[in-house]
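Residue numbers (our numbering), protein chains in the order written: chain A, 1344 to 1504; chain B, 1344 to 1504.
Keep in mind the hints are simulated off the structure, nothing from the lab. Do not take every clue at face value.
Copies of the same chain are indistinguishable here, so a pair counts whether it falls within one copy or spans any two.
[What the hints assert, rightly or not] Below, computed lysine-lysine pairings styled on DSS-like, alpha-carbon distance capped at 30 Å:
#1 K1472 <-> K1363
#2 K1345 <-> K1382
#3 K1363 <-> K1384
#4 K1472 <-> K1382
#5 K1401 <-> K1384
#6 K1384 <-> K1345
#7 K1462 <-> K1363
#8 K1472 <-> K1384
#9 K1384 <-> K1402
#10 K1382 <-> K1368
#11 K1345 <-> K1363
Number of protein chains: 2
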Amino acid sequence: MKILGIDPGYERLGVAVIEKPIQGKEVVLFSDCIRTSSKSKMADRLFEIGQALSLVIKKHKPDAVAIEELYFAKNTRTAMTVAEARGVIQYICKEQGLEVFEYHPNTIKIAITGYGGAKKEDIAFMIPKLVVYDGSKKLDDELDAIAIAITHLSTYRPTIE
Amino acid sequence: MKILGIDPGYERLGVAVIEKPIQGKEVVLFSDCIRTSSKSKMADRLFEIGQALSLVIKKHKPDAVAIEELYFAKNTRTAMTVAEARGVIQYICKEQGLEVFEYHPNTIKIAITGYGGAKKEDIAFMIPKLVVYDGSKKLDDELDAIAIAITHLSTYRPTIE
Chain A
1344 MKILGIDPGY
1354 ERLGVAVIEK
1364 PIQGKEVVLF
1374 SDCIRTSSKS
1384 KMADRLFEIG
1394 QALSLVIKKH
1404 KPDAVAIEEL
1414 YFAKNTRTAM
1424 TVAEARGVIQ
1434 YICKEQGLEV
1444 FEYHPNTIKI
1454 AITGYGGAKK
1464 EDIAFMIPKL
1474 VVYDGSKKLD
1484 DELDAIAIAI
1494 THLSTYRPTI
1504 E
Chain B
1344 MKILGIDPGY
1354 ERLGVAVIEK
1364 PIQGKEVVLF
1374 SDCIRTSSKS
1384 KMADRLFEIG
1394 QALSLVIKKH
1404 KPDAVAIEEL
1414 YFAKNTRTAM
1424 TVAEARGVIQ
1434 YICKEQGLEV
1444 FEYHPNTIKI
1454 AITGYGGAKK
1464 EDIAFMIPKL
1474 VVYDGSKKLD
1484 DELDAIAIAI
1494 THLSTYRPTI
1504 E
């Protein structure tokens, strides 16, 4: 069971592929932070994100995708443009035949730390204890993507087994 | 010169292809309202929109795309999900090699009626006077898509001629 976790964004998009073995801890097979230039037009940035995500899916062949839920708290240009990126992400995942699961930020925090009010550093502290990876330094966006994938693996129960 | 005008949405997406002849009024070659079911998941609706839009582009081969600018006035679920649809639209247009031009709602109103405070019915009243079409009844979403395409044709001046 391989899950692609995505931390949506248009400037930095965190992606991580996590595998659940029969026994033992989940393993991070891949993680990256896809970046686009602020000098590019929004349509070009969205296109770059979609193309890069397509490549990740084709290479790692995940079984499903987990993504952070649409965020309604602030009506800023950033929130709206992150929503544009989320649209592209969902389109690409469906195009590749993948089901998309969405998780509320609090669900992710609880899955990782046991506490819905956890901070970024609490997540960063817990991740190395929950999954196996090469020990390389990860960016926040990658850690968030890993956290989202872990959340899916630890909370999702298929209705038909 | 063929322009694809798009009125962004995820429930109803207005599309119109307008051609500018050497002389005379612009002609509406095609218009439609792409709909998705509220029973479908958002990712599926976004995928349907993207696929339907791809088909329109492949069939009508426009030279460029004009779309209404991202709307920041309200922070509702609708506004955020329309932004998701906008993301898909921009991705598909770039995938098909088309440049995407964005117009503010007021710019569109001024281009069609000469007045930035124009109402929906003012736009609907003016469109048959500005473009040639088969006279069939058009939905609001189609009229908006036609209005956006007209705006591009009447305001865009390429920097290199």
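Evaluated hints:
For the identical chains of this complex, K1472 and K1363 are intra-copy neighbours only, at 15 Å inside a copy versus 63 Å across copies, given an alpha-carbon limit of 30 Å. Taking the shortest Cα distances, K1345 and K1382 sit within 30 Å of each other only across copies (28 Å), while inside one copy they are farther apart (35 Å). Taking CA atoms no more than 30 Å apart as the test, K1363 paired with K1384 passes between copies only; the shortest distance there is 26 Å, against 38 Å inside one copy. In this assembly of identical chains, the alpha carbons of K1472 and K1382 never lie at most 30 Å apart, being 38 Å within a copy and 40 Å across copies at closest.
Within a single copy, K1401 and K1384 get their C-alpha atoms as close as 26 Å, and across copies as close as 23 Å, so both meet the 30 Å cut-off. For a Cα distance limit of 30 Å, the shortest separation of K1384 from K1345 across copies, 22 Å, qualifies, whereas the shortest one inside one copy, 33 Å, does not. In this assembly of identical chains, the alpha carbons of K1462 and K1363 lie at most 30 Å apart only when taken from the same copy (25 Å versus 56 Å across copies). Proximity of K1472 to K1384 under the C-alpha cut-off of 30 Å is found in neither arrangement, the shortest distances being 40 Å within a copy and 34 Å between copies.
Taking identical chains as interchangeable, the C-alpha atoms of K1384 and K1402 lie at most 30 Å apart whether they share a chain (27 Å) or sit on different chains (26 Å). In this homomeric assembly, K1382 and K1368 never come within 30 Å of each other (Cα to Cα): the closest approach is 41 Å inside a single copy and 37 Å across copies. For the homomeric pair K1345 and K1363, the shortest alpha-carbon distance inside one copy (7 Å) is at most 30 Å, but the shortest distance between copies (51 Å) is not.
When each numbered hint is compared with the structure, violations occur for hints 4, 8 and 10.
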